[in-house]
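Here the protein sequences come in this chain order: A and B.
For the first sequence, numbering that gives the first Met the number 0 begins at 0 and goes up steadily by one.
For the second sequence, numbering that gives the first Met the number 0 begins at 0 and goes up steadily by one.
Heads up, a few of these hints could be off.
Stated by the list, open to error - Quick list of in silico lysine to any residue cross-link-like pairs, SDA-like style, CA-CA up to 20 angstroms:
1. B:158 - A:305
2. A:261 - B:179
3. B:156 - A:303
4. A:261 - B:239
5. B:156 - A:165
6. A:261 - B:235
7. A:264 - B:243
8. A:264 - B:227
9. B:159 - A:350
10. A:261 - B:63
11. B:158 - A:261
12. A:370 - A:350
13. B:156 - A:265
14. B:156 - A:281
15. B:158 - A:281
16. B:156 - A:254
17. A:264 - B:224
18. B:159 - A:304
19. B:158 - A:306
20. A:264 - B:146
21. A:370 - A:386
22. A:261 - B:227
23. A:12 - A:102
24. B:159 - A:307
25. A:261 - B:230
26. B:159 - A:158
27. B:156 - A:12
28. B:156 - A:253
29. B:158 - A:294
30. B:158 - A:295
Just so you know, these hints were derived from the structure itself, not from any lab.
A quick note: this is a predicted structure, and the numbers were derived from the prediction, not measured.
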Amino acid sequence: MSAEFFCIGLSHKTAPVGVREKLAVPDEQQVEVLKRLESTGEVMVVSTCNRMELFGASADERAREAVLEAIASLGGAEAVRHVYEHHGDAALVHLFRVAASLDSMVVGEPQILGQVKEAFELAHKTGTVKGELIRACQAAFSSAKRVRAETGVGRAATSMASAAVELAAKVFGQLAQRPVLLVGAGEMSELVARHLLTAGATQIAITNRTQAHAQQLAELVGATTRPWESLAEHLVWADLVVCSVATPQPLFTRAGVGTALKGRKHRPLFMVDLAVPRAVEPTVAQLSNVYSYDVDDIQRVVAENAAARAAEAAKAEVIVTEEVARFLRARAVREGVPVLAQLRQRAEQIVRSEVEKTLTHMGDELSDKQKKSIEAMAHAIVNKLLHQPTAKLRALSTEDDKALAGAAAELFGLPLGETAGEEH
Amino acid sequence: MSHALLSLACHAYGLAAVFYLVYLVRQWRLLTVAARALVASGLVLHGVALGMDLTQQGGVPQGLGQGLSAVALLLLAIFVGLDLRYRTPVLGAFLTPLALTVLVPGVLISGGASPLSAAVLRPLLPVHITIALLGIAAFAVASGIAVMYLLMERQMKGKKFGLLFARLPSLDFMDDLNRRLVVAGFILLSITLVTGSFLSNHADGVFWQWRPTEVATLIAWLVFGAVLGARMLSGWQGRRVAWVTMAGFGLLLVSLVTSYPQMRMVP
């Protein structure tokens, strides 16, 4: 039996951050995992802050169990509960989609391709990827490049968090040296932080009523924390403020922001309020050099982008499907049926050249309809003749009986052992 | 000959302006490549035409027509520099039309400029004029960018995003560009005032005569000085600076226009 692809793992779609962080293991530990699984077939580990997945190609039935054991040994039984599996073509599709950033938390974010490449390199160095997975990865990388070149996926924000960051970039340009304050340490703050990091932000501070939560998130995303009590002072420091904490009374009043503006010498301030009820008083937006957006404003931006983005994502999915199909075609030719493919190709050539010869001989004596009939007859004869050999050869590719294929190649004068000129 | 070259340059700029404006709607990279090439070749033709006239006149630009033409040339040269440095072709959609509105009247009223009297023809005059025109060009670019800033700011504030929103650079980038251009323009303007008063002294024996051009330049100088001061001391920026930049540029245009009849009156 030939090797089958698999993908076993978990991601932001199935596992909460508490589980994911246990599985975010350093390279050395990944190498250990790879070596442990080596005996069951090819394998590589893709580990980012949003996913931990093992991609492999194996003919060994024990591979699945071994991978699950490996995941359990790193993340405990809890981790295994969040695991999903793809096998066969579905695993390939998943690999291609991950590389093309279609499975990312922020669809279209550019880092994932590099991360998958690093995972591949590590496995390659360790020696746990061989023919099948190498070819699959290379095809996935080139399909990801095609997606990036041919679609606008990732160009317009589709989430509130990314829309907020995108708008901030319209005010500030580069976010690299911009002080950013995240008010709240919940899921939304995490998302915003991730988008900010992707956009290149380096100075992110988190403030939260419960300091411990702020600390936790800060460690996760590599930010600092600021005390909740001196919120007003932070407003002098930060250029971008994103609130995701619902409070009965607004945290930022017009008067408060006005005072802060004086302190910051009227440097522009961009405030995004994702909380309901609102944490930023609506009248704050009237202050000059302050750009204040609430949930509705941001949601409107997202809705406008979503339509355009959906079309791009659909295009990207089509590309991925095409590329997977192309890979599978090439694989089929390479693996099981080179003789068959060559035989077909040869027959096709003969039909074409003979029909052409005849038609040029007869020239104008024939009507179009008659020409078509001659062509159809030639095809029919060849197909009838080849029907039996084709069926036999197709069956043998699963029986692993190479002798008959060799005989066929000999009889029809085909070069044995080469692929039939399909793409690699 | 030089007039034909100038007219050719005008057409190149005009076509470039069209390309840049189309680029606002359709983001085809080829448009910017073509527009950039057109502006560059326009600048070469324009420069040759201006150079030919200047050598004939002993190196001194004459008449309002040539002054405007030189401002347009310098304005576009600054734009090309910015575009090469920051890769912001969108500036072209604002600056090429602006250059044309300066240049076209210049071409139409060129010729017929009365020759300057020998009294003011001395090495300081070409320097004075060149620096003055370069300063005006810097403020012209700053004004063009101020317009872009105000358009962008209005969309950002009003939360209504049109086509321009996606195309224009960030507010911070435009504000920073404004600051640099105003600083450069202010320095050039200061030198203009000093050299101008020396020239006045040489021609009429008085450093300062309260002529309209002097007054307009002085007010513009004070305005821009105040803007820079306010920027440094109390963090003025953004919309207010954009408006003041445009007003200051208007004053400088007045100064430019009024400076020519006056120069011809020099005995």
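Evaluated hints:
At most 20 angstroms may separate the alpha-carbon atoms for a hinted pair to count; residue 158 (chain B) and residue 305 (chain A) meet this at roughly 17 angstroms. Only pairs whose Cα atoms come within 20 angstroms are accepted, and residue 261 (chain A) paired with residue 179 (chain B) is rejected, the gap being roughly 24 angstroms. Distance hint between residue 156 (chain B) and residue 303 (chain A) is fulfilled; the C-alpha atoms sit about 18 angstroms from each other, no more than 20 angstroms. Restraint check for residue 261 (chain A) and residue 239 (chain B): the C-alpha separation of about 16 angstroms stays at or below 20 angstroms, so the hint holds.
Our distance criterion of 20 angstroms between C-alpha atoms is met by residue 156 (chain B) and residue 165 (chain A), whose separation comes to about 15 angstroms. With a CA separation close to 11 angstroms, the supplied pair residue 261 (chain A) and residue 235 (chain B) stays within the 20 angstroms bound. A hinted pair counts as satisfied when its Cα atoms are at most 20 angstroms apart, and residue 264 (chain A) with residue 243 (chain B) qualifies at roughly 18 angstroms. At roughly 14 angstroms between alpha-carbon atoms, residue 264 (chain A) and residue 227 (chain B) fall within 20 angstroms of each other, so this suggested pair holds.
Straight-line distance between C-alpha atoms of residue 159 (chain B) and residue 350 (chain A) comes to about 64 angstroms, which puts the hinted pair past the 20 angstroms bound. With a CA separation close to 45 angstroms, the supplied pair residue 261 (chain A) and residue 63 (chain B) exceeds the 20 angstroms bound. Simply put, residue 158 (chain B) and residue 261 (chain A) have alpha-carbon atoms about 24 angstroms apart, too far for the 20 angstroms limit, and the pair is violated. Our distance criterion of 20 angstroms between C-alpha atoms is met by residue 370 (chain A) and residue 350 (chain A), whose separation comes to about 14 angstroms.
At roughly 15 angstroms between alpha-carbon atoms, residue 156 (chain B) and residue 265 (chain A) fall within 20 angstroms of each other, so this suggested pair holds. About 13 angstroms separates the Cα atoms of residue 156 (chain B) and residue 281 (chain A), which keeps this hinted pair within 20 angstroms; it holds. For the hint linking residue 158 (chain B) to residue 281 (chain A), the alpha-carbon distance of about 13 angstroms falls within 20 angstroms, and the restraint holds. Note on residue 156 (chain B) and residue 254 (chain A): the hinted pairing holds, with a Cα-Cα distance of about 19 angstroms set against a maximum of 20 angstroms.
Straight-line distance between C-alpha atoms of residue 264 (chain A) and residue 224 (chain B) comes to about 19 angstroms, which keeps the hinted pair within the 20 angstroms bound. Taken as a hint, the residue 159 (chain B) and residue 304 (chain A) pair is honoured in the structure, with Cα atoms around 13 angstroms apart against an allowance of 20 angstroms. For the hint pairing residue 158 (chain B) with residue 306 (chain A), the CA-to-CA distance comes to about 19 angstroms; that is within 20 angstroms, so the pair holds. Of the pairs offered as hints, the one joining residue 264 (chain A) and residue 146 (chain B) is violated, with about 23 angstroms between alpha carbons and a cut-off of 20 angstroms exceeded.
Annotation: proposed proximity of residue 370 (chain A) to residue 386 (chain A) is violated, straight-line Cα distance about 24 angstroms (limit 20 angstroms). Note on residue 261 (chain A) and residue 227 (chain B): the hinted pairing holds, with a Cα-Cα distance of about 18 angstroms set against a maximum of 20 angstroms. Restraint check: the Cα-Cα separation between residue 12 (chain A) and residue 102 (chain A) comes to about 9 angstroms, which is no more than 20 angstroms; the hinted pair holds. With a CA separation close to 17 angstroms, the supplied pair residue 159 (chain B) and residue 307 (chain A) stays within the 20 angstroms bound.
For the hint pairing residue 261 (chain A) with residue 230 (chain B), the CA-to-CA distance comes to about 14 angstroms; that is within 20 angstroms, so the pair holds. Only pairs whose Cα atoms come within 20 angstroms are accepted, and residue 159 (chain B) paired with residue 158 (chain A) is accepted, the gap being roughly 18 angstroms. Using a Cα cut-off of 20 angstroms, the hinted pair residue 156 (chain B) and residue 12 (chain A) is violated, with the two alpha carbons roughly 36 angstroms apart. Under the criterion of a C-alpha separation no larger than 20 angstroms, the hint pairing residue 156 (chain B) with residue 253 (chain A) is consistent with the structure, at around 16 angstroms.
Of the pairs offered as hints, the one joining residue 158 (chain B) and residue 294 (chain A) holds, with about 12 angstroms between alpha carbons and a cut-off of 20 angstroms not exceeded. Distance hint between residue 158 (chain B) and residue 295 (chain A) is fulfilled; the C-alpha atoms sit about 11 angstroms from each other, no more than 20 angstroms.
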